[in-house]
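Sequence lines, in order, name chains A and B.
Be aware that the first sequence starts at 6, since it is given in the numbering used here, and climbs by one per residue.
Be aware that the second sequence starts at 16, since it is given in the numbering used here, and climbs by one per residue.
Honestly, the hints are just simulated from the structure, not real lab data.
Incorrect hints may appear among the rest.
Estimated spans, in silico, between C-beta atoms of each pair [to be verified]:
{"no.": "1", "chain 1": "B", "residue 1": "17", "chain 2": "A", "residue 2": "115", "range": "34 to 44 Å"}
{"no.": "2", "chain 1": "B", "residue 1": "146", "chain 2": "A", "residue 2": "198", "range": "25 to 35 Å"}
{"no.": "3", "chain 1": "B", "residue 1": "69", "chain 2": "A", "residue 2": "88", "range": "49 to 59 Å"}
{"no.": "4", "chain 1": "A", "residue 1": "289", "chain 2": "B", "residue 2": "312", "range": "35 to 45 Å"}
Looking from chain B toward chain A, a few residues come up when the C-beta cut is under 7 Å (computed) [stated by the list, open to error]:
{"no.": "5", "residue": "257"}
{"no.": "6", "residue": "277"}
{"no.": "7", "residue": "280"}
{"no.": "8", "residue": "296"}
{"no.": "9", "residue": "304"}
{"no.": "10", "residue": "308"}
Values in this document were obtained by computation on a predicted structure and should not be read as measured data.
Beta carbons are placed, not taken as given, at the ideal position from N, Cα and C, and that holds for glycine.
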Amino acid sequence: MRDALCASEPGIGLAIQMIVLCLVALSAWLVLRVGRISLGQQAYFGIGGYCTALLTTVGQWPLDIALLAATLGGAIAAALMSWPLLRLPGLHYAVASLAVAELFRLSLSGWQYQVPGPSGTPVGPDGVHGFRDIRWLFDHQISQFDYLMWASAVLIAVVLALVALSRTRLGLAMKMVGHDETLAASQGLPVHRLRLLATALAGAVAAFAGGLYAHQLTYIEPALFDPMLGIHAVGYSMLGGLATPLGPLLGAALDLGLLEATRWFEGWRMVLFGTLVAVFLRWRPRGLLDETLVCRLRSAWQSRHHTVSTAMADQS
Amino acid sequence: MDFLQRTLDGLLEAGPYALVGLGLTLGFGLLHRVNLAYGASAMLGAYAGSWLHVRLDWPVWAVLPCVVLATALAGLYVQWLCFPDTDRATGSVQRASSVVSGADSREVVALASSFAVWMQLEQLCVNLLPRHLNPFPDIASTHEWSLGPLGLRPDRLVMCIAAAGLVMWVARWIHTNRTGLALRAAADHPLAAHLSGLRVPQLQRWGFVLASGLSGVAACAVLALEGQVTPMFGMWMLMKGLAAAMIGGLGNLRGLLWSAALLGVAEAHAQALFGPLGRDAATWGLLLLALLLRSARKTSWAPAGGLHA
């Protein structure tokens, strides 16, 4: 069984998998941002993977349109699933999201829908054996490098969009709900709807990642989105920091970077990594990019910018 | 008749589920320690037991206490790494500034760091015994009692009765014994407990070790009937423990007994009707249903985003 978290391919393959994991971590970060812990983001990852694969193989849709449709599907699925669950308190919501994800994974394990493909071989989901022959990239002669560039551009766009969102009134309202929901409600903010919006956005991001992953691997199976993927995504956000969308990216990079860097500790890699993460979280409980560090960096940047501007004004 | 036999088999499964849920409901629910390494600690204890059994040929009576001891020590390690003592000077637990939802940020951090320790302990187990199936001292009975047309495994029955007895004893101890009450006070109201003269960090530490020790007892009971341990055991312990504990209400020890029975019966019937996938779906479906019902019943239940109810 191949593990979605096992980045065994070096070079471009590893880079694409890192982008995919960054997107899943961002989706977990979005839910954390509004004060809930989701251990079930892998469900929307799976929805995205299966939807995109169905649309490009069975429906013969272009990949970009299929990804957009899957992203929309992920957002709708996340909103529908979260609607009754979001009133649950923290740990209960986390476990409920895990239960939903596991039920979804088990449903896919029993789902068979195969139709003859262009070459005559059957394509489509085949229960626990998964969905094979997702060959859109090969059929359209898209190189891995081009795919990497495209995926990188999407990741940058998502991060920029989230940064822009966090500066709007809507983003600030979401942040407020995450910090203190009672205070947010007393200020007249629609707490439940804001949380629903954030989980829908998170579902969309995870579904997009699933679509990207399925087409890079040409294959996806239910075992790929087991609870480990969702728990890792939360771990990346906690490790990288919750203050900025760059936090989850840093967490994913540290995890995969450390795994790759310590490959010569084969067999003891997770022992070392587990200790490092646990000790690190004792030292910086709010992740590397926490609110204090982000504020300091912002102040340093602003004072430097101010100094340079003043110097230039003096010269002129 | 098959229906009755399956129901009986399911009821007997309640023993292992109640035992697995006991340490978890005590740790997560009563002591407020959200510890994802719960199953991994028990797995490390079980692997240590398997190693003693296979490599040193230790007898059952020596291996089982070692499993409990190793699990308790693993729990002490998890406690030290993931749940550092709070303000030693006052013994108080001041809520750290909120990162997530006004919840105690340390609990969220503990969730992430205990997950890292889970990965670490699991890898240690695999390094200790790299094979997928590892023998564990087997005390399962081979013969079966006949109750008319129904068959009954005596070892399962004994385990069921022992599990129910242990759960009831722990429930009584934690609600009436002075030490049990002190443990709950240190978890629920640390500052008040400190002002009452209780040594809060020590109580929190030993409460955690007790919950881990109970998970070691559960591992012994489950694996001694299976006769083997695999690397999936840690995940199994956590997931089944969560399901059993949360269906009955996290922290509710008496609810744990009926939820374990319900889970066992539902799984047995779902397996017969839909196979192994149906069995897993029954577990998660029941858990989700219980959470939704609880949410609907207590609409005003959610505190300001607290991690636990």
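Hints, one by one, checked against the model:
Separation of residue 17(B) from residue 115(A) is about 23 Å and departs from the stated range, judged on CB atoms against 34 to 44 Å. In this structure the hint that residue 146(B) and residue 198(A) lie 25 to 35 Å apart at CB is violated, the actual value being about 52 Å. For residue 69(B) and residue 88(A), the hinted distance range of 49 to 59 Å is satisfied, since their beta carbons lie about 51 Å from each other. Residue 289(A) and residue 312(B) have their C-beta atoms about 39 Å apart, which keeps the hinted 35 to 45 Å range intact.
Checking residue 257(B) against chain A by beta carbon gives a least distance of about 6 Å; that is within 7 Å, so the hint holds. Against a cut-off of 7 Å between C-beta atoms, the interface hint on residue 277(B) is violated, since the closest Cβ of chain A lies about 15 Å away. At its closest, the beta carbon of residue 280(B) sits 19 Å from a beta carbon of chain A; the interface hint therefore is violated under the 7 Å criterion. For residue 296(B), the shortest C-beta to C-beta distance to chain A is roughly 5 Å, which falls under 7 Å, so the interface hint holds.
For residue 304(B), the interface hint is violated, the least distance from its beta-carbon to any beta-carbon of chain A being 9 Å, above 7 Å. A least Cβ separation of about 11 Å between residue 308(B) and chain A goes past the 7 Å threshold, and the interface hint is therefore violated.
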